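Protein chains in written order, with the numbering used here: chain P, 1 to 473; chain G, 1 to 473.
Derived by calculation from the structure, the hints in this document are not laboratory data.
Just so it is clear, the structure is predicted and the values come from calculations on it, not from any experiment.
Treat the hints with caution; some may be incorrect.
Which copy? The list can't say, so a pair holds if one copy fits it or any two copies do.
[Said to hold, decoys possible] Mimicking DMTMM-like on lysine to aspartate or glutamate, the simulated pairs with C-alpha atoms at most 25 Å apart in a straight line are:
| hint | residue 1 | residue 2 |
| --- | --- | --- |
| 1 | Lys277 | Glu90 |
| 2 | Lys349 | Asp46 |
| 3 | Lys119 | Glu74 |
| 4 | Lys37 | Glu354 |
| 5 | Lys119 | Glu101 |
| 6 | Lys230 | Asp266 |
2 protein chains.
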Amino acid sequence: MHRLPTFLAAALLLPASPLLSQTPAPYSEQTLADMAKLQQAAVHGDYAYQQVAHLANNIGPRLSGSSQAQKAVEYVAAELKALGLEVTLEPCMVPRWVRGEETAVLTQYPGQAEGTTQKIVLTALGPSVATPPEGLTAPVLSVNDFHELNALGRDKVAGKIVLLNHAFDERMASQGQGGQAYGQAVIYRAIGPSTAARLGAVATLVRSVGGGANRLPHTGQTRYAPDAPKVPAAAVTAEDADLLAALTAQGPVTMHLVLTPQTLPDAPSFNVIGDLKGSEHPEQVVIVSGHLDSWDLGTGAIDDGAGVAVSMEVAHLVKSLGLHPRRTIRVVAWMSEENGSAGARQYAKDHAAEAADHFAAMESDLGADHPLGVGYVGRADTRELLAPVADVLAANGAGLLQTVAQAGADIGPLADLHVPTFEPIQDSRTYFNYHHTAADTLDKIDPHALGENAAVMAVTAYALANLEVPLPR
Amino acid sequence: MHRLPTFLAAALLLPASPLLSQTPAPYSEQTLADMAKLQQAAVHGDYAYQQVAHLANNIGPRLSGSSQAQKAVEYVAAELKALGLEVTLEPCMVPRWVRGEETAVLTQYPGQAEGTTQKIVLTALGPSVATPPEGLTAPVLSVNDFHELNALGRDKVAGKIVLLNHAFDERMASQGQGGQAYGQAVIYRAIGPSTAARLGAVATLVRSVGGGANRLPHTGQTRYAPDAPKVPAAAVTAEDADLLAALTAQGPVTMHLVLTPQTLPDAPSFNVIGDLKGSEHPEQVVIVSGHLDSWDLGTGAIDDGAGVAVSMEVAHLVKSLGLHPRRTIRVVAWMSEENGSAGARQYAKDHAAEAADHFAAMESDLGADHPLGVGYVGRADTRELLAPVADVLAANGAGLLQTVAQAGADIGPLADLHVPTFEPIQDSRTYFNYHHTAADTLDKIDPHALGENAAVMAVTAYALANLEVPLPR
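Take these sequences, add in the hints, and give me the full structure.
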């Protein structure tokens with residue numbers, strides 16, 4: 001039994017769909033009315049903006065294991081308590097990596113003025129190892145991709161600082177496929193350092209994974225392979241990658257590279273959990289979440305203060321409007337997404353026995369620009385259950401329903417336990433210009449668009465928490 | 001006697017204008033044909049791009065008095081000699097200011113996590129004095145403009161680090177009025193530090209003068225007034241200005257500021273002069289120019305490697321096409337525009353006696369984006385003499401003729417001696433996003449648009465060098 005899609009029912013001038021179907025209506029009339037109220041309150045509210053402003057401006061960068069991350073845990077916990085939620089800090093151990101000095105200069109290059117060097121702008125990738133404190137000096141080898149690197153082989157690569165100059169596809173991103181563009185390029189950041197190290201590279205540079213052209217290096221995580229030497233790894237800006245490619249094409253280029261990050265012992269930290277208990281099925285939870293940690297270069301406004309803020313806003317709105325969801329709405333501020341999602345993995349482990357009671361999980365982790373709708377990982381018949389959600393969200397231009405290839409990083413471990421996952425589909429055209437850079441700051445967030453994201457989270461989560469039928473798993 | 005504007009003649013289907021007039025035609029048929037050839041050669045050429053690529057990538061930043069500036073002098077002189085020009089290095093003494101360490105952290109602010117600080121991104125203005133080597137620590141006071149600052153008075157300002165948070169008008173710039181927007185905001189950079197120092201400020205920060213939002217500080221020159229204490233002066237990014245304004249509105253904010261630039265004794269340097277001698281009036285010169293020095297953060301591609309490159313291209317094109325201008329075309333690469341135009345002032349002084357023989361002067365110093373046409377400072381009747389130039393340049397969309405309020409910085413001293421001045425009118429919508437930042441790099445130049453700028457310089461200069469009538473002065 002399938003309901004007609006609502007747009008088709010409208011086109012045929014048919015009466016409302018429940019008449020066509022033997023299945024119960026997925027949402028009560030009251031729930032539908034409350035969803036509309038939540039949508040309006042969200043787009044006109046400013047609680048979410050106040051939250052992300054505090055996280056970004058007052059607390060600042062929140063790298064896992066840092067004092068700021070701990071302050072953020074305490075802050076979010078206190079705010080959720082003030083909303084009347086049942087708040088728990090769930091412990092997890094997180095990586096503790098601390099950026100150090102990071103400088104690079106070219107000490108030899110074609111056309112060099114006597115006695116001078118040229119500055120190269122870069123930033124260490126987490127969890128890069130350090131160079132010697134005084135730095136290392138080596139010839140630079142620039143390649144466009146793994147194919148070129150492998151073709152050169154150990155003879156040409158050994159002893160070199162290797163630049164993997166693979167460009168983020170800005171045209172793809174500019175057409176709304178930022179996530180796809182990121183996915184294509186990020187492989188160089190993820191496995192490039194170990195790939196080059198296996199061929200004898202003494203350090204690896206990657207072209208920043210992201211758009212824009214503002215001499216901003218984009219940090220991010222690299223993954224050292226167990227079978228490769230760990231070499232210092234950094235991202236250069238697009239401009240500096242171009243410069244290195246141009247100069248190495250002309251003649252020998254030598255770089256002096258200093259990176260002095262430290263990897264400290266894992267540190268205790270927390271996921272912040274705030275429950276707004278369900279009136280009928282308190283044991284069943286619908287998660288709304290973002291990650292509380294951020295990279296250290298900016299202030300973590302779009303990645304992902306915004307996601308935490310709109311999740312907090314869901315609870316704030318439901319409470320403000322005096323609504324009582326049938327299932328529990330659980331706000332989660334995840335810890336350490338940027339450094340490997342230790343918090344999310346710990347949560348999935350700790351709550352594995354309750355997986356069946358995790359009715360659904362949402363995460364917002366693609367910034368705060370205008371949302372187009374709701375993305376979901378799940379069975380095709382999820383779509384018709386979301387149609388009324390889309391109808392409500394169409395009021396702020398977020399009526400699109402789309403399957404997505406995989407769940408957000410922090411709810412991925414729950415998806416692996418067959419929990420259905422949902423997310424706002426944000427306009428990501430500029431997201432990757434700022435993502436993981438010093439320019440991830442509060443001004444990148446438009447308060448109105450943030451409210452629209454809060455609407456997506458609140459309406460979807462509330463609908464799921466009140467769904468009258470099971471969600472396909 | 002006025003010629004009809006050419007577009008009007010065309011509309012009326014009248015024959016070519018010389019028939020309508022008793023005055024001699026301003027350009028011979030041969031000159032008009034050669035102008036058209038120059039236009040085509042310029043837009044299809046790549047000499048200018050090769051020049052700016054070398055200046056930006058191989059030589060790099062060229063702050064006055066630096067080794068790179070000297071290398072650039074030698075490079076441009078050699079290139080002009082290779083083109084067959086008579087090359088002279090004309091000495092000038094230039095300021096020598098060297099950037100040092102520049103860091104700022106907030107040591108106290110509302111919501112601060114225990115034991116942490118927040119980083120503020122800034123860069124010293126030239127020729128800022130230094131803080132003590134260990135830095136200075138003081139409360140931050142943020143004001144939006146001079147009115148607010150003066151209203152607070154010495155009681156509130158003394159002992160503070162003052163932020164002058166006056167925003168560059170990005171909407172104005174986005175509508176093609178970048179120069180106007182710059183002019184409105186730059187006053188804060190120019191006189192802000194001394195204005196605040198007179199009220200007892202211990203250091204002055206200005207919001208970066210420029211657009212974009214990429215956490216890029218824009219350096220530039222400040223002017224210490226003789227009657228004010230010299231206090232350290234820096235530009236913060238737009239993001240950091242917003243942050244400081246937000247935090248100071250909430251409670252006390254304290255900054256630890258370290259700026260260690262040095263002002264060294266003035267250094268000998270040079271304007272590079274290359275003459276392509278006129279066939280009839282070698283003593284009369286038409287200058288084509290840009291400034292060879294740059295700020296030190298980027299590589300001086302758009303400010304103003306491009307201006308030097310298109311000026312060199314004028315000589316290259318005239319030589320390549322085997323043309324022989326009636327007057328001398330003089331290529332000038334000015335030194336030290338950024339630090340007060342010492343080179344241009346010296347030139348005007350040295351050549352004051354020949355002012356009458358300076359037939360015209362052009363400078364390109366507003367980047368390298370698509371040119372819309374030719375701007376000029378001069379009498380209204382200059383316009384009709386330029387009409388055939390505009391007709392030729394219309395082939396690359398640069399047919400606009402417009403008076404401009406003042407001559408370019410380096411040809412201003414010549415304008416003061418009544419030399420008519422001309423300049424390309426560039427699309428400046430993004431120029432001030434990169435200007436004086438680390439992101440003034442080669443990738444900001446589109447080779448085709450650079451060729452269009454070379455066309456404006458070459459066609460205009462060649463027309464002036466062959467003008468059959470006097471130019472109104």
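(Q) Run through the hints listed earlier and report the numbers of any the structure violates, in increasing order. (A) 2, 4
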